[in-house]
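Add chains B and C to chain A, keeping to what the hints say.
Residue numbers (this note's numbering), protein chains in the order written: chain A, 1 to 170; chain B, 1 to 343; chain C, 1 to 123.
Hints listed in this document are in silico derivations from the structure and should not be mistaken for laboratory results. Among the hints, erroneous ones may be present.
Said to hold, decoys possible - Taking lysine-lysine and the DSSO-like style, the derived pairs with C-alpha atoms no more than 30 Å apart in a straight line are:
(1) C:K31 <-> B:K65
(2) B:K75 <-> B:K65
(3) A:K165 <-> C:K117
(4) B:K320 <-> C:K121
Claimed, not checked - Residues from chain A shown here face chain C by an in silico Cβ test under 7 Å; the list is partial:
(5) V60
(6) Y61
(7) V67
(8) L68
(9) L152
(10) A155
(11) V161
Where a beta carbon is used, it is the ideal one built from N, C-alpha and C, also for glycine.
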Amino acid sequence: MMSSILFYGLSTLLFAAALLVILSRNPIHSALWLVTAFFAVAGHYVLLNAQFLAAVHVIVYAGAIMVLFLFTIMLLNLNKETEPQHSLLVKLAGLVAGGMLLVVMVGALRRSSAETASDLATVHSGTVGLVETLGKVLFRDFLLPFELSSILFLAALVGAVVLGKKELGE
Amino acid sequence: MDLVWLLYKVAFAAGLLGLSLGVAAYSTLGERKVASWIQDRFGPNRSGPMGILQPLADGGKLFFKEELIPGVSNKFLFILGPGIAMSTALVTSAVIPWGRPLSIGGREFPLQLADLNIAVLYVFAVVSLGVYGIMIGGWASNNKYSLMGALRASSQMISYELAMGLSIIGVVMLTGSLSLNDIAAAQKGWHWNILVQPLGFLVFLVCSFAECNRHPFDLAECEAELIGGFHTEYSSMKLGFYLFAEYVNMFISAAMMATLFFGGYQVPGLDSLGLSQNVAALVGTAALFLKISVFIFFFWWVRWTLPRFRYDQLMALGWKTLFPLALLNIAWTGLYLALRGFK
Amino acid sequence: MDAYTVLIYFLPLGALIAGAAMFTGNLLSIKTKESAHKREAYECGEVIIGDARIQFKVGYYLFALLFVIFDVESLFLFPVARIFRGQVASGLAPHLLLDLAIFVVVLSLGLAYAWRKGALKWD
Numbered sequence: 001m002m003s004s005i006l007f008y009g010l011s012t013l014l015f016a017a018a019l020l021v022i023l024s025r026n027p028i029h030s031a032l033w034l035v036t037a038f039f040a041v042a043g044h045y046v047l048l049n050a051q052f053l054a055a056v057h058v059i060v061y062a063g064a065i066m067v068l069f070l071f072t073i074m075l076l077n078l079n080k081e082t083e084p085q086h087s088l089l090v091k092l093a094g095l096v097a098g099g100m101l102l103v104v105m106v107g108a109l110r111r112s113s114a115e116t117a118s119d120l121a122t123v124h125s126g127t128v129g130l131v132e133t134l135g136k137v138l139f140r141d142f143l144l145p146f147e148l149s150s151i152l153f154l155a156a157l158v159g160a161v162v163l164g165k166k167e168l169g170e
Numbered sequence: 001m002d003l004v005w006l007l008y009k010v011a012f013a014a015g016l017l018g019l020s021l022g023v024a025a026y027s028t029l030g031e032r033k034v035a036s037w038i039q040d041r042f043g044p045n046r047s048g049p050m051g052i053l054q055p056l057a058d059g060g061k062l063f064f065k066e067e068l069i070p071g072v073s074n075k076f077l078f079i080l081g082p083g084i085a086m087s088t089a090l091v092t093s094a095v096i097p098w099g100r101p102l103s104i105g106g107r108e109f110p111l112q113l114a115d116l117n118i119a120v121l122y123v124f125a126v127v128s129l130g131v132y133g134i135m136i137g138g139w140a141s142n143n144k145y146s147l148m149g150a151l152r153a154s155s156q157m158i159s160y161e162l163a164m165g166l167s168i169i170g171v172v173m174l175t176g177s178l179s180l181n182d183i184a185a186a187q188k189g190w191h192w193n194i195l196v197q198p199l200g201f202l203v204f205l206v207c208s209f210a211e212c213n214r215h216p217f218d219l220a221e222c223e224a225e226l227i228g229g230f231h232t233e234y235s236s237m238k239l240g241f242y243l244f245a246e247y248v249n250m251f252i253s254a255a256m257m258a259t260l261f262f263g264g265y266q267v268p269g270l271d272s273l274g275l276s277q278n279v280a281a282l283v284g285t286a287a288l289f290l291k292i293s294v295f296i297f298f299f300w301w302v303r304w305t306l307p308r309f310r311y312d313q314l315m316a317l318g319w320k321t322l323f324p325l326a327l328l329n330i331a332w333t334g335l336y337l338a339l340r341g342f343k
Numbered sequence: 001m002d003a004y005t006v007l008i009y010f011l012p013l014g015a016l017i018a019g020a021a022m023f024t025g026n027l028l029s030i031k032t033k034e035s036a037h038k039r040e041a042y043e044c045g046e047v048i049i050g051d052a053r054i055q056f057k058v059g060y061y062l063f064a065l066l067f068v069i070f071d072v073e074s075l076f077l078f079p080v081a082r083i084f085r086g087q088v089a090s091g092l093a094p095h096l097l098l099d100l101a102i103f104v105v106v107l108s109l110g111l112a113y114a115w116r117k118g119a120l121k122w123d
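Extracted from the complex, chain A is given alone in its bound form (with noise of 0.2 Å):
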């Protein structure tokens, strides 16, 4: 009962917060609008006993990424509320986009039944998300993609400082 008011009021507010995100004129309040999707998200770890990837989503998304895309916005001035007009062209390449991608989520939704859907929520119990369980996890099944993972981070670090270093020398 408790949990199916947290889900419908974090559900309304992740809905609300992500079409805000759209529809606001201006990018800092999308960023804010986004930021708070997340935390809605968050909140819906929270109740699958996810919690730490609750935690982690709070720490990655809003406080990492979400601060880089506020120093973008800040960097690049786009504060301007006046956007320049999109030819029809771009407009309707982007329904069609957006329209694919609808029917792609709706046809995953579809093939979810109602048995499979009450497995997944197993809300406030279950042990997948617990921080001890991922932790054997990564060691017991995954540890060579665990290692790689590092090898991946490298590689962004130095795309991001090749890309980084290129800016600073003009």
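Positioned in the frame of chain A, the structure of chains B and C alone reads:
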């Protein structure tokens, strides 16, 4: 739902918020008193005996000051900024264990609002959100000095957050838990984490100065260059929020340091005295507050002793000294645990 | 009542206190007459030149970029740190230490690369 339990939690939450605000308010007085003592002068002594009413007078003044929002600012964000700073500062205290459970009428009442199993990450998450208060406030002001201050502060905070997160990993490895309650409980007797984690503590200490934007890392508001930094345009209660949030953060940092590295509420040899459970719990809580006071005093002491860093020095310290030291600390902890082969 | 339920009620409380204090301040504060200069930005009393929202140093952005990468990487260490002690107790120490060492060494390599390329230099 149990009514007694509910009332207890509500009262505890209210007490916690009151405690945070009260300690923060009296920290301002304490800081000024220590400053005057270090500089051989009197300090505030007009309001009440020894100036103990000074924080009330200051707080009251903030309520009555005119609300001034600059015409060029973004009004909504201008108000949101200090609100975020204050609310993020206030909610961290929920996961700190303030003592052993009290036993009243055959029931256990834990002196902790929420014993999260990921408390360390919760604190980390809330700290990482603290950046928003400063960034939004500084940007919304539409003042060149505010923007510079906000940029400096946010860049500094994210840099030191990294080393801070890595320095906690050593403690997590030692305890095998992310719950602050477990971490405090594991340091029974003389098994304080500081004995194995001196390096981790050093990194955490320096980072908490930077995270609170405290001297010698207060480049965000260094008054000689940036007027008031990110809160140049702020006045009345909104300015009060920024200043207050800094002191609340200081209090919470001190509590975190005491809990993570100095045994939290543990007092060595307390159990051999044969005190009853409740008395022992209260002694432990008093010990925790003593440890916290020592750290808060250290914050004040440093402010009136060290000069301010330059910005390139600040970034170099964070990335080139503290970050590698934190990594070294992880390596050391791993080696220590592997060699000891814990049961 | 579990810890997370308590927290869900506690989190808005911080915002509530902030809002209440702000509202009270708004009620109690004095209001003075508007004047031509009252709501100008304060920049040392000089006449304001241009907008404050200018393009700033790219260095801030670079450090934020590095931060995102290292932040995610350091979060990977938390689950491992969480189980480290228990696994050592069950006699997996050398194996585990090696795994952790590889991850930390690659992390350090990244830091060393950024350092070497001068990305950590503030100028």
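Task: Ascending list of hint numbers which this structure does not respect - done: 6, 9 and 10
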